[in-house]
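Trainee: First to last, the protein sequences are chains A and B.
Mapping the first sequence onto this note's numbering, position 363 (from 1) lands on 363, and the numbers just tick up by one.
Mapping the second sequence onto this note's numbering, position 219 (from 1) lands on 219, and the numbers just tick up by one.
Hints may be right or wrong, so weigh each one.
No copy labels: a pair is met if it fits in one copy or bridges any two.
Simulated pairs of lysine-lysine, BS3-like, Cα-Cα distance not exceeding 27 Å [said to hold, decoys possible]:
1. K88 <-> K144
2. K210 <-> K88
3. K330 <-> K212
4. K212 <-> K231
5. K344 <-> K144
6. K144 <-> K212
7. K212 <-> K74
8. K74 <-> K88
Simulated from the structure, these hints should not be mistaken for lab results.
Protein chains: 2
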Amino acid sequence: MGPGPSDVHPRVLTAMARPTIGHLDPAFIAMMEEIKALLQYAFQTSNALTIPISAPGSAGMEACFVNLIEPGEKVVVCMNGVFGERMKENIERARGVPVMVEDTWGTPVDPNKLEDALRAHRDARIAAFVQAETSTGVQSDARKLAEIAHQHDCLTIVDTVTSLGGSPLKVDEWGLDAVYSGSQKCLSCTPGLSPVTFNDRAVEKIKQRKTKVQSWFLDLNLVMGYWGSGKRVYHHTAPINLLYGLHEALAMLQEEGLENSWARHQHQHLALRSGIEAMGLSFLVHESARLPQLNAVVVPEGVDEAVLRSRLLNEYNLEIGAGLGSLAGKIVRIGLMGYGANMKNVMYCLEALEAVLADMRAPIQTGVAMNAAQNAAVLN
Amino acid sequence: MGPGPSDVHPRVLTAMARPTIGHLDPAFIAMMEEIKALLQYAFQTSNALTIPISAPGSAGMEACFVNLIEPGEKVVVCMNGVFGERMKENIERARGVPVMVEDTWGTPVDPNKLEDALRAHRDARIAAFVQAETSTGVQSDARKLAEIAHQHDCLTIVDTVTSLGGSPLKVDEWGLDAVYSGSQKCLSCTPGLSPVTFNDRAVEKIKQRKTKVQSWFLDLNLVMGYWGSGKRVYHHTAPINLLYGLHEALAMLQEEGLENSWARHQHQHLALRSGIEAMGLSFLVHESARLPQLNAVVVPEGVDEAVLRSRLLNEYNLEIGAGLGSLAGKIVRIGLMGYGANMKNVMYCLEALEAVLADMRAPIQTGVAMNAAQNAAVLN
Numbered sequence: 001m002g003p004g005p006s007d008v009h010p011r012v013l014t015a016m017a018r019p020t021i022g023h024l025d026p027a028f029i030a031m032m033e034e035i036k037a038l039l040q041y042a043f044q045t046s047n048a049l050t051i052p053i054s055a056p057g058s059a060g061m062e063a064c065f066v067n068l069i070e071p072g073e074k075v076v077v078c079m080n081g082v083f084g085e086r087m088k089e090n091i092e093r094a095r096g097v098p099v100m101v102e103d104t105w106g107t108p109v110d111p112n113k114l115e116d117a118l119r120a121h122r123d124a125r126i127a128a129f130v131q132a133e134t135s136t137g138v139q140s141d142a143r144k145l146a147e148i149a150h151q152h153d154c155l156t157i158v159d160t161v162t163s164l165g166g167s168p169l170k171v172d173e174w175g176l177d178a179v180y181s182g183s184q185k186c187l188s189c190t191p192g193l194s195p196v197t198f199n200d201r202a203v204e205k206i207k208q209r210k211t212k213v214q215s216w217f218l219d220l221n222l223v224m225g226y227w228g229s230g231k232r233v234y235h236h237t238a239p240i241n242l243l244y245g246l247h248e249a250l251a252m253l254q255e256e257g258l259e260n261s262w263a264r265h266q267h268q269h270l271a272l273r274s275g276i277e278a279m280g281l282s283f284l285v286h287e288s289a290r291l292p293q294l295n296a297v298v299v300p301e302g303v304d305e306a307v308l309r310s311r312l313l314n315e316y317n318l319e320i321g322a323g324l325g326s327l328a329g330k331i332v333r334i335g336l337m338g339y340g341a342n343m344k345n346v347m348y349c350l351e352a353l354e355a356v357l358a359d360m361r362a363p364i365q366t367g368v369a370m371n372a373a374q375n376a377a378v379l380n
Numbered sequence: 001m002g003p004g005p006s007d008v009h010p011r012v013l014t015a016m017a018r019p020t021i022g023h024l025d026p027a028f029i030a031m032m033e034e035i036k037a038l039l040q041y042a043f044q045t046s047n048a049l050t051i052p053i054s055a056p057g058s059a060g061m062e063a064c065f066v067n068l069i070e071p072g073e074k075v076v077v078c079m080n081g082v083f084g085e086r087m088k089e090n091i092e093r094a095r096g097v098p099v100m101v102e103d104t105w106g107t108p109v110d111p112n113k114l115e116d117a118l119r120a121h122r123d124a125r126i127a128a129f130v131q132a133e134t135s136t137g138v139q140s141d142a143r144k145l146a147e148i149a150h151q152h153d154c155l156t157i158v159d160t161v162t163s164l165g166g167s168p169l170k171v172d173e174w175g176l177d178a179v180y181s182g183s184q185k186c187l188s189c190t191p192g193l194s195p196v197t198f199n200d201r202a203v204e205k206i207k208q209r210k211t212k213v214q215s216w217f218l219d220l221n222l223v224m225g226y227w228g229s230g231k232r233v234y235h236h237t238a239p240i241n242l243l244y245g246l247h248e249a250l251a252m253l254q255e256e257g258l259e260n261s262w263a264r265h266q267h268q269h270l271a272l273r274s275g276i277e278a279m280g281l282s283f284l285v286h287e288s289a290r291l292p293q294l295n296a297v298v299v300p301e302g303v304d305e306a307v308l309r310s311r312l313l314n315e316y317n318l319e320i321g322a323g324l325g326s327l328a329g330k331i332v333r334i335g336l337m338g339y340g341a342n343m344k345n346v347m348y349c350l351e352a353l354e355a356v357l358a359d360m361r362a363p364i365q366t367g368v369a370m371n372a373a374q375n376a377a378v379l380n
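In isolation and in its complexed conformation, chain A is listed as follows (with noise of 0.2 Å):
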């Protein structure tokens, strides 16, 4: 129950040990194509330009702004958590020149404060920004920043790792152009993939470039050679098993139905958050902001939360995430992501925190948690 890797569902882990074969074997390219097809669900887009790209999340960063940055170009990053800065170094070492907008971690992005930057840096052609902050738990409004991105003529690079199949996205409602998320969150498929979608203003921009993607292995010109509907062209040796995995976990979204796992992430987090308000617990995020798979919940006056987390780990087996960055010591990150968002995992979480923080002579109100999120759960 960490910020991710989520758990895997057995399904999935049954899929990756199935016999490897070739990455150009008929079979697996037939795989591909309903890779492709159930990503354009997971994304709610018709892109074709939508497929895995063969590493973790962070590669998948790489790629959108590798691709879509030349030299020179100047890009309006919105900063409100690591993943913010993270596009910040990517953005200097594509060579291009980035506009940082910064709100304080825990809050979304100000929709105002990125229109002020637009309007002040009207040569900027790019707007990066993260819906589902990892870091804080928040999520922005990713189509209202669309929206005042495309007023200045700018594409947007939106970061969706933690949100893709967790919470509402939609790539081609919202008018996002090149959007990447992850495999291990609330997919629940092993980490090492990172699906990303490109719209054709994206992939036009990546068409036009005078200069060559300073990645060979992320270019996407010759990615598509494999992953596109035509002859396919040998790039990489793509991870066989690893897409195994994803196709599983894809198909599993889709029986589920995707509103629906939109709405098990948001009933499992409204119990799991009464039963910590009960405690007498807060959370780090405003109710209006708040990621339903990623619960950021600030960590008592008086206790260490290296020894809070070593001791769910040690103690119940149960692993909760640090906080990052400025937030290190001051949250624990508690992910309710795909297969693990569900009653069980809320209920052993609570009653383990309970233990333990009682344990550490933290000030909290005990023996209420459960029936609190019971109830929680039966109500909504």
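Since chain A is already given, all that's left is putting chain B on it; use the hints.
Mentor: Chain B in isolation, oriented as in the chain A frame:
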């Protein structure tokens, strides 16, 4: 029996289906330490920086070039197949200056040509070459090439994607400086990971860089914060289940013994060779430079190799590889890699090949391949 991914051992497949745990879980970190030690054994090195990159072999190649090259630096590349060409692409994209030394596809790199090039380009500080060319099945003398490079004060970047675990590779004894490989060839693991090893001289060059590594994802200064031996800092989410698989594959290599694995590959190659030659077919590569694990067989006159491969796949469930580049249509590539390098595969492949070629009216000798292979297997 293609050029990789090779057949994955059931133990490795089973390992990949273990429950996913966190990338900072103490149990996982202990496994990472074991992977490093096992990789040191496989590479025959004591290099501290010996880790798997979280992406396929092509990303391992890119990791070597983007970490070791700074803009404007000259790199001599020995090219005798597809992967030398890919090195050139990598260097140019890292804004280095490639100096190409070419040899005919199917022949090893000529050490004299490397020497001449290094004499003509005294400002080059890196020489790169492929020890085991997967596109042709040829092996070059890595020890000799490294010796020449060092005489000219150059570091070496060496592609060992197809050799690691399958034929002699001695990183320390031969003085190779930066070496990359893949998980999906003679290690019999699934694709998606690229083992790399860097010696102190290579690490020193990386540490002394004046410019940042252009790839954030592949920046070894950052990757080492996670894979190093001190306090682990989150960089990217490691591909947990793939690493379970690699750990198991490397443990199996250690159980068998590295030299025994090399001998097994050679033994099965000689059996295959006897059968191939008894049929009247020939190898692309001269005997003195043939890789046992990658057998490039010349397609007989009048045979459409695409039809041959397709019939083997559809009628015999047997995959072999096509020729690449200028060898497309002219050779097929038969892999004897890792778990797949066994007598059953050799006999089955010869049988299927003979049956289909005979049916295609190829000018071959029938009824003698199996006996020749069996005799060779006994003799060797």
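Trainee: Of all the hints given earlier, name the ones this structure violates by number, lowest first.
Mentor: 3, 5, 6
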